[in-house]
Amino acid sequence: MIREITIGQYYPADSFIHRLDPRVKIVCTLLFLISLFVQNSLPGYVVATLFLAFVIRASKVPFKFIVRGLKAIILLLMFTVVMNLFLTKGGAVLVRVWIFQITEAGLRISVFMAVRLIYLIIGSSLMTLTTTPNALTDGIESLLRPLDKLHVPVHEVAMIMSIALRFIPILLEETDKIMKAQIARGADLESGNILQRAKAMVPILVPLFVSAFRRANDLALAMEARCYFGGEGRTKMKPLAYGRRDYMAYFAVMSYVAVAFAAGRFLPFHVWIF
Amino acid sequence: MEMIRARELVYEYEQRDDEGNVVGMNRALDEVGLDVRQGQFVAILGHNGSGKSTLAKHMNAILVPSGGTMWVNGRDTRDSGELVNVRRSAGMVFQNPDNQIIGTVVEEDVGFGPENLGVPTGEIWRRVEDGLRAVGMIEYRAHSPNKLSGGQKQRVAIAGVLAMEPECIVLDEPTAMLDPVGRKEVLRTVQELRKRKNVTVILITHYMEEAIDADAIYVMEGGRVVMQGTPREIFGRVDELKRYRLDVPQVTMLAEELRRRGLDVPCGILRREELVEAICRLS
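In the order they appear, the protein sequences are chains A and B.
If you read the first sequence in our numbering, its first letter stands for residue 1, the second for the next number, and so on.
If you read the second sequence in our numbering, its first letter stands for residue 1, the second for the next number, and so on.
A hint or two may mislead.
Taking lysine to any residue pairs in the SDA-like style, the calculated list, with each CA pair at most 25 Å apart, reads [what the hints assert, rightly or not]:
1. LYS180(A) x LEU148(B)
2. LYS236(A) x GLU129(B)
3. LYS147(B) x ARG215(A)
4. LYS180(A) x MET177(B)
5. LYS147(B) x ASP246(A)
6. LYS60(A) x SER144(B)
7. LYS238(A) x ARG126(B)
8. LYS180(A) x VAL157(A)
9. LYS236(A) x ALA134(B)
10. LYS147(B) x ILE102(A)
11. LYS71(A) x SER191(A)
12. LYS184(B) x HIS47(B)
13. LYS147(B) x ILE194(A)
14. LYS236(A) x GLY122(B)
15. LYS238(A) x ALA134(B)
16. LYS177(A) x ASN146(B)
17. LYS89(A) x LEU70(A)
18. LYS71(A) x LEU208(A)
19. LYS147(B) x ARG19(A)
20. LYS180(A) x ASN99(B)
21. LYS71(A) x HIS47(B)
22. LYS64(A) x ALA142(B)
23. LYS147(B) x SER191(A)
24. LYS147(B) x HIS18(A)
25. LYS197(B) x GLU209(B)
26. LYS60(A) x ARG126(B)
27. LYS177(A) x GLU129(B)
28. LYS147(B) x LEU208(A)
29. LYS177(A) x SER144(B)
30. LYS147(B) x LYS89(A)
31. LYS147(B) x GLU174(A)
32. LYS236(A) x HIS47(B)
No lab work stands behind these hints, which were simulated from the structure alone.
No experiment lies behind these values; they were computed from the predicted model shown.
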């Protein structure tokens, strides 16, 4: 179950999206996320859906694989939807049960919020699925390079992030293993109320932390042994360089943003309250 | 030329109690002497806690001696100005395959060392290809290391060291966490490297079988070198090896038992064929 979390994983394939410069993907993902949050109407979301579908197709990542990543946020999603649904006031009241009521505005906002969150996760996991964490790190490092002048340890932060990403699947596997080991020893992880279940997690978290620290220590040794002395004087195996397809991608995303914005603004296209 | 030389090497660390107060000194290495010539294959054997891994870490200047001296390729490991050169000369492969792979794609991991050394981009690619080819992992270059078997991961780790073009490779129990298939895979790779690239290999292990082809064997116990010699000399001393809690290869053991029962079998037999030959000669 726990291994199905796909956020932060890389899906190896050879596609247009995979070959894009990581900086392009980071900037474009950011633009896409911003466009989601300024969007407030059905036509805008239709454009966003079409664009997202197009990008998923172009990335050659199976749709099922992307959807699996959503499982991780299902609780958060439900919480947001329920909160928005019941607590937003405005417009006609659609349903009223005891002190709870669902208004038009509540329904509208909670649906848009759900769509936003889902697209946000899909959009950002598309970025990590099509970019190796190393490339991602290189991209972030290069984009944040100006902060170096302010003595922000850009290279170090980027390195930490890439290592964290590499160890996610390993630590997940380890969690799985420890869980099984504790269940075999009679640990009860499934029953009881939230408090009891949280307590039952302690015998899983403690060994996990111990092993994570041990791994960190080993990894630091291995990095030192391979002459890692920080960012200074390092060369790149895959230096970043913009190519034609990168400009094309920028252009495509810019056009998407413009179209989505225009659609949201000028298309008087409504279905019921949306 | 001497690739690695140690003289009266001592490594001590503080022993602390639960409150963190120093209660004494622990001597992990005690006056160790070691000579490895260019191109040699040297095995260092020892039980857990014998100090063999501590010794290995000195060859890469991860640890520096508290006393005595360690030279790698003629450079004193205590000289911090030579740190890069020491580490470039003696590459190190560790025990746990998962914890030494830094990259998320095989080829990026192999490129990590050369990147750190400041090698130009084109040259990095050449080295990565050479390294992966040498360990037979070239077809996995675009794979994620998480999906590889233990033996394959260790081969990638070896390629990562090779890409730094070291004169010497130190393998610190590279097979300890592998299944028999993975063990064979890694050992075969190491042997091929020796044949083709003439690199010096130092293999730290507690499997005696892996040391049969070595040019020299050092046996460690309690931080000291207690035995030293060619495999034939070492494996001839079965009782002594047992005292150091080391398992003698089965064939050697059998030959020893036969000899004790009065059969005229020579001392220090290492391979099955040798034993067969010796027994045939009896009748």
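Okay, the hints, checked on the actual structure:
no., hint, in the structure
1, LYS180(A) x LEU148(B), "holds (23 Å)"
2, LYS236(A) x GLU129(B), "holds (15 Å)"
3, LYS147(B) x ARG215(A), "holds (18 Å)"
4, LYS180(A) x MET177(B), "holds (21 Å)"
5, LYS147(B) x ASP246(A), "violated (30 Å)"
6, LYS60(A) x SER144(B), "holds (17 Å)"
7, LYS238(A) x ARG126(B), "holds (13 Å)"
8, LYS180(A) x VAL157(A), "violated (34 Å)"
9, LYS236(A) x ALA134(B), "holds (22 Å)"
10, LYS147(B) x ILE102(A), "violated (49 Å)"
11, LYS71(A) x SER191(A), "holds (21 Å)"
12, LYS184(B) x HIS47(B), "holds (21 Å)"
13, LYS147(B) x ILE194(A), "violated (35 Å)"
14, LYS236(A) x GLY122(B), "holds (10 Å)"
15, LYS238(A) x ALA134(B), "holds (22 Å)"
16, LYS177(A) x ASN146(B), "holds (16 Å)"
17, LYS89(A) x LEU70(A), "violated (29 Å)"
18, LYS71(A) x LEU208(A), "holds (23 Å)"
19, LYS147(B) x ARG19(A), "holds (22 Å)"
20, LYS180(A) x ASN99(B), "holds (22 Å)"
21, LYS71(A) x HIS47(B), "violated (48 Å)"
22, LYS64(A) x ALA142(B), "holds (23 Å)"
23, LYS147(B) x SER191(A), "violated (34 Å)"
24, LYS147(B) x HIS18(A), "holds (20 Å)"
25, LYS197(B) x GLU209(B), "holds (23 Å)"
26, LYS60(A) x ARG126(B), "violated (29 Å)"
27, LYS177(A) x GLU129(B), "violated (35 Å)"
28, LYS147(B) x LEU208(A), "holds (21 Å)"
29, LYS177(A) x SER144(B), "holds (21 Å)"
30, LYS147(B) x LYS89(A), "violated (51 Å)"
31, LYS147(B) x GLU174(A), "holds (15 Å)"
32, LYS236(A) x HIS47(B), "violated (41 Å)"
Hints 5, 8, 10, 13, 17, 21, 23, 26, 27, 30 and 32 from the list above are not met by this structure, while the remaining hints are.
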